[in-house]
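*Asks:* One-letter residues, chain by chain:
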Amino acid sequence: MSHLHISDGILPWWLWIGGMVCTGLLTLLALLKLRKQRRLLSQVAIMAALGLAAMNIPLGLPVHINLSALAGILLGPLNGFLATFIMLVFNALIGHGGLTVLGVNALLVGSEALVAGALFRGLGADKGLLPRVAVSVLIALVVSSLLVVAVTGAAGLGLEALAHQHEEHGGEGHETVFLKTLLPLYAPLLAIWVAVELGVSLLVTAYINKVRGDVFAGR
Amino acid sequence: MDLATMDYLAANHHCWLQRCSPLAKVLFAAGVLTFLLTTRSQAFLLGMLVFILGLALSNRLPWRVLLTLAIIPLFFASVFAISLRDWNVGVLVLGRAVVSALTVAMVFMTTVPVRLLGLISVPMPAVFGELMYFTYRSFFLLLESLKNTLRAVRLRRGRERISLSRVRAMAQVYGMTLVRAWDMAGRQYDLLRLRGLGQGLRINRDWRLRPWDLTLLAAIIAIGVGWYCA
Chain Y
55 MSHLHISDGI
65 LPWWLWIGGM
75 VCTGLLTLLA
85 LLKLRKQRRL
95 LSQVAIMAAL
105 GLAAMNIPLG
115 LPVHINLSAL
125 AGILLGPLNG
135 FLATFIMLVF
145 NALIGHGGLT
155 VLGVNALLVG
165 SEALVAGALF
175 RGLGADKGLL
185 PRVAVSVLIA
195 LVVSSLLVVA
205 VTGAAGLGLE
215 ALAHQHEEHG
225 GEGHETVFLK
235 TLLPLYAPLL
245 AIWVAVELGV
255 SLLVTAYINK
265 VRGDVFAGR
Chain E
200 MDLATMDYLA
210 ANHHCWLQRC
220 SPLAKVLFAA
230 GVLTFLLTTR
240 SQAFLLGMLV
250 FILGLALSNR
260 LPWRVLLTLA
270 IIPLFFASVF
280 AISLRDWNVG
290 VLVLGRAVVS
300 ALTVAMVFMT
310 TVPVRLLGLI
320 SVPMPAVFGE
330 LMYFTYRSFF
340 LLLESLKNTL
350 RAVRLRRGRE
360 RISLSRVRAM
370 AQVYGMTLVR
380 AWDMAGRQYD
390 LLRLRGLGQG
400 LRINRDWRLR
410 PWDLTLLAAI
420 IAIGVGWYCA
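Chains Y and E are the protein sequences, given in the same order.
Mapping to the working numbering: the first sequence position 20 is 74, numbers consecutive.
Mapping to the working numbering: the second sequence position 216 is 415, numbers consecutive.
Treat the hints with care, since some could be wrong.
[As the list claims (entries may be wrong)] These stretches of chain E come out as covered by chain Y in the derived footprint (C-beta under 8 Å, 3 or more residues):
1) 227-241
2) 276-284
3) 338-345
4) 377-388
[Said to hold, decoys possible] Pair ranges (Cβ atoms, derived):
5) Y:H118 <-> E:A351: 19 to 25 Å
6) Y:G176 <-> E:Q241: 49 to 55 Å
7) Y:L237 <-> E:D405: 43 to 49 Å
8) E:V352 <-> Y:V75: 22 to 28 Å
9) Y:H118 <-> E:L266: 16 to 22 Å
10) Y:G78 <-> E:L245: 30 to 36 Å
11) Y:G72 <-> E:L248: 54 to 60 Å
[Said to hold, decoys possible] Not the full set, but computed from the structure, chain E residues with beta-carbon under 10 Å of chain Y:
12) A269
13) P272
14) V297
15) S299
16) F307
17) A325
18) V326
19) A351
20) V352
21) R356
22) M369
23) A370
24) R394
25) G395
26) I419
27) I420
Everything labelled a hint here was simulated from the structure, so no lab data went into it.
Source: prediction; values computed, not measured.
The C-beta atom is built at its ideal place from N, Cα and C for all residues, glycine as well.
Full structure from sequences and hints, please.
*Replies:* Structural data, given as structure tokens:
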């Protein structure tokens, strides 16, 4: 949800090329690390597949979950990011999110895995599992949402440049009008998504901890 | 969109695009994307939409699948188009989103997945190809399990509105699937290791060009001429 399924042709070139480069470097780093821990390969793939399956199942709401923050917690920040990237590659191949904006989409959704994974480890095991997951996932979702607002603002700038309509809007920049119109459309969806993703992540964690406590042991 | 339907088409549908090489199709899609992103002509975008739909028609790709594919980019691009409050740029945004999504999806629907995954994993280390292959394989196993369990829960609970207990039940299904998948991951890894994963097994990369690629070459030249004239 946090990637808003940004399509090709919406973002300015400098943003999607920059996104591609950053994502490429992060992915390369994660792959080099994974090469030394090959046994984790199956877990990364399984998490990517589960996220993809979760995205493919409608919730009866205009949002879907992606479990990226949970991937970061279970696999670590870099491997969680890698699982998210793989998930988005498949999504782009079936037309959910553009191919050129794959880098930006991966940074938006992958930031959930990076932030949640790093925070979860940083908070220390003495805090209790559920509070740690709650804080990590909530902050990760907020960071991701802020990044989405920043990217949509940049998209507004790019589209404004395309329209060459600065003058027609007087002192108010076109991107301000763009964000003013987009945010009321997006904010309710964002609020629903944050609540659902946080709730599902907590409930899934509680369930896993109850039936297979060893999954979180040592994390 | 149902990835399983597209996978079925990729493996079983017979059409002339299937006879083109994966490399030519990826280059064709890259060319189309370049023209789409650099045009400001609505007439060109309309022409491209007609062209891509014609391509789908000549390959007998199912309309239902194409329509479903077009809805998602159309909906999300329209959020941007409406927010922009500019009809001309709005049409450009919608056109680019729909035509590019259909082009990429059409390549996916007409190429055997392993070959396509092998090709797009070229710039990355070999472990990336293995990861893509493993994810794709696991996706179908998990989706089936997830769908069946969710259906069973729905049948048992009956019709009910969105409630906390329904969300909890759904989350438990995800949790259960994840636990199963976690166990499955180890077994799958051992199985694939036996079959050569990470020990010299190479993802099949098909670089050969085929006679049917000339059709795509002609198509991209025609699109380029249209782009130049527009």
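*Asks:* Would you mind marking each hint as holding or not holding in the structure?
*Replies:* Evaluated hints:
| no. | hint | result |
| --- | --- | --- |
| 1 | 227-241 | holds (count 5) |
| 2 | 276-284 | holds (count 7) |
| 3 | 338-345 | holds (count 5) |
| 4 | 377-388 | holds (count 9) |
| 5 | Y:H118 <-> E:A351: 19 to 25 Å | 21 Å, holds |
| 6 | Y:G176 <-> E:Q241: 49 to 55 Å | 51 Å, holds |
| 7 | Y:L237 <-> E:D405: 43 to 49 Å | 46 Å, holds |
| 8 | E:V352 <-> Y:V75: 22 to 28 Å | 44 Å, violated |
| 9 | Y:H118 <-> E:L266: 16 to 22 Å | 20 Å, holds |
| 10 | Y:G78 <-> E:L245: 30 to 36 Å | 34 Å, holds |
| 11 | Y:G72 <-> E:L248: 54 to 60 Å | 29 Å, violated |
| 12 | A269 | 8 Å, holds |
| 13 | P272 | 5 Å, holds |
| 14 | V297 | 8 Å, holds |
| 15 | S299 | 4 Å, holds |
| 16 | F307 | 5 Å, holds |
| 17 | A325 | 9 Å, holds |
| 18 | V326 | 5 Å, holds |
| 19 | A351 | 14 Å, violated |
| 20 | V352 | 12 Å, violated |
| 21 | R356 | 13 Å, violated |
| 22 | M369 | 7 Å, holds |
| 23 | A370 | 3 Å, holds |
| 24 | R394 | 13 Å, violated |
| 25 | G395 | 13 Å, violated |
| 26 | I419 | 17 Å, violated |
| 27 | I420 | 22 Å, violated |
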